[in-house]
Amino acid sequence: APANRDILLALFHADGSYETHQLEHEYAGVKHTHISGIHAGQKYGYLIQLNDELHYISDPYARALEGPLHYAPPFDSHKSFDLPKCVVTDTHFDWQNVAKPRIARDEMMLFETHVKGLTQLNPDVEKALRGKYLGLVSQPMLDFYRQQNINTLQLLPIAACMHEPHLLESGKVNYWGYNPYVFMAPDPRYASKDAVNELKTTIRELHRNGIQVILDVVYNHTAEGGTNGPLFNLKALDPNYYLHHGDHYANYTGCGNTVDLSNQAALNLVMDTLRCWVEEYQIDGFRFDLAATLG
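To convert, note that position 164 of the sequence shown is 164 in this note's numbering; the numbers rise steadily by one, no gaps.
Simulated from the structure, these hints should not be mistaken for lab results. Where a beta carbon is used, it is the ideal one built from N, C-alpha and C, also for glycine. Incorrect hints may have been included.
Derived DSSO-like pairs (lysine-lysine); straight-line CA-CA distance at most 27 angstroms [as the list claims (entries may be wrong)]: (1) K127 - K200; (2) K235 - K43; (3) K127 - K79; (4) K172 - K127; (5) K172 - K193; (6) K193 - K116; (7) K100 - K200; (8) K200 - K79; (9) K31 - K116; (10) K100 - K193; (11) K172 - K235; (12) K79 - K100; (13) K100 - K43; (14) K200 - K43; (15) K235 - K79; (16) K43 - K31; (17) K127 - K116.
Across the chosen pairs, the derived CB separations fall in these ranges [said to hold, decoys possible]: (18) T227 - D143: 47 to 57 angstroms; (19) A104 - D15: 48 to 58 angstroms; (20) I38 - E107: 38 to 48 angstroms; (21) P239 - V98: 17 to 27 angstroms.
My request is simple: use the sequences and hints to build the entire structure.
Structure, rendered in structure tokens:
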């Protein structure tokens with residue numbers, strides 16, 4: 001975190017209070033510490049000083065968030081503490097020895113879909129599952145895939161998405177998910193309770209039924225927008241995560257910023273994210289949004 005040498009780790013309690021810890025060690029430019037007794041479910045984040053105020057930022061490597069993302073614009077340091085906190089996860093999951101389908105490309109029948117949109121208004125799907133990850137593996141949907149000979153689902157972005165300020169100002173949300181807040185945490189909007197385990201269960205059951213899962217991933221920009229956009233994580237840690245054009249962020253994406261994959265930290269983050277989805281979620285492939293900007 002070269003842009004914030006005094007960054008603190010914050011561990012949050014159930015009542016909203018928190019304790020802070022110094023990141024007293026550093027290796028190869030990476031600040032770190034070790035705290036014993038941390039368990040799955042622990043809420044956490046980082047604190048920086050911004051204009052003489054404490055400001056909460058999320059962990060770019062967070063595997064889970066405690067709830068859906070939202071805030072009332074304009075965003076500021078006080079409101080940063082109202083954002084859902086990062087959550088420590090347990091990587092153990094029972095895949096029940098279900099093998100991943102191995103479907104040749106010329107035999108793939110690919111169906112691109114939106115997690116919520118596919119089942120939200122489907123009266124045949126149990127009401128509690130509509131619009132959710134688990135709705136994708138409800139019996140009516142499994143029957144639908146079979147009837148249509150679908151053997152590959154390509155899901156529109158499911159990484160935690162923050163809504164753009166202009167949408168929030170008008171009382172709207174980013175439905176499609178192309179505005180990533182963190183890259184490795186599944187969006188809580190599509191879960192009843194536990195996005196991580198519900199998504200893993202969904203992928204396992206799709207695999208059990210011979211269906212591959214491809215993710216639409218967005219690495220070309222983040223939800224922090226342009227120079228005057230909100231400060232969520234990467235801007236606070238190191239502005240070199242983003243391409244610059246003079247004193248401003250390069251806006252090759254039309255979203256206010258462009259992630260700079262020539263920067264090693266940014267490249268590491270993207271590659272680690274891909275490994276996370278493949279190793280921890282058994283994802284079968286990826287579709288890269290605005291891939292040309294990644295070069």
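Hint check:
1. K127 - K200: Distance ~21 angstroms between K127 and K200 Cα, so the pair holds.
2. K235 - K43: holds (22 angstroms)
3. K127 - K79: violated (34 angstroms)
4. K172 - K127: holds (24 angstroms)
5. K172 - K193: Answer holds: K172 to K193 is near 23 angstroms, not above 27 angstroms.
6. K193 - K116: holds (15 angstroms)
7. K100 - K200: holds (13 angstroms)
8. K200 - K79: violated (32 angstroms)
9. K31 - K116: The given pair, whose Cα atoms are some 38 angstroms apart, is violated under the 27 angstroms limit.
10. K100 - K193: With Cα atoms ~26 angstroms apart, K100 and K193 stay inside 27 angstroms; holds.
11. K172 - K235: holds (25 angstroms)
12. K79 - K100: Roughly 43 angstroms separates the two Cα atoms, so the pair is violated.
13. K100 - K43: violated (32 angstroms)
14. K200 - K43: holds (21 angstroms)
15. K235 - K79: Cα-Cα ~17 angstroms, so holds.
16. K43 - K31: The given pair, whose Cα atoms are some 20 angstroms apart, holds under the 27 angstroms limit.
17. K127 - K116: holds (12 angstroms)
18. T227 - D143: 47 to 57 angstroms: holds (50 angstroms)
19. A104 - D15: 48 to 58 angstroms: holds (54 angstroms)
20. I38 - E107: 38 to 48 angstroms: Holds - the Cβ-Cβ distance for I38 and E107, about 45 angstroms, lies within 38 to 48 angstroms.
21. P239 - V98: 17 to 27 angstroms: violated (43 angstroms)
Hints 3, 8, 9, 12, 13 and 21 from the earlier list are contradicted by this structure; the remaining hints agree with it.
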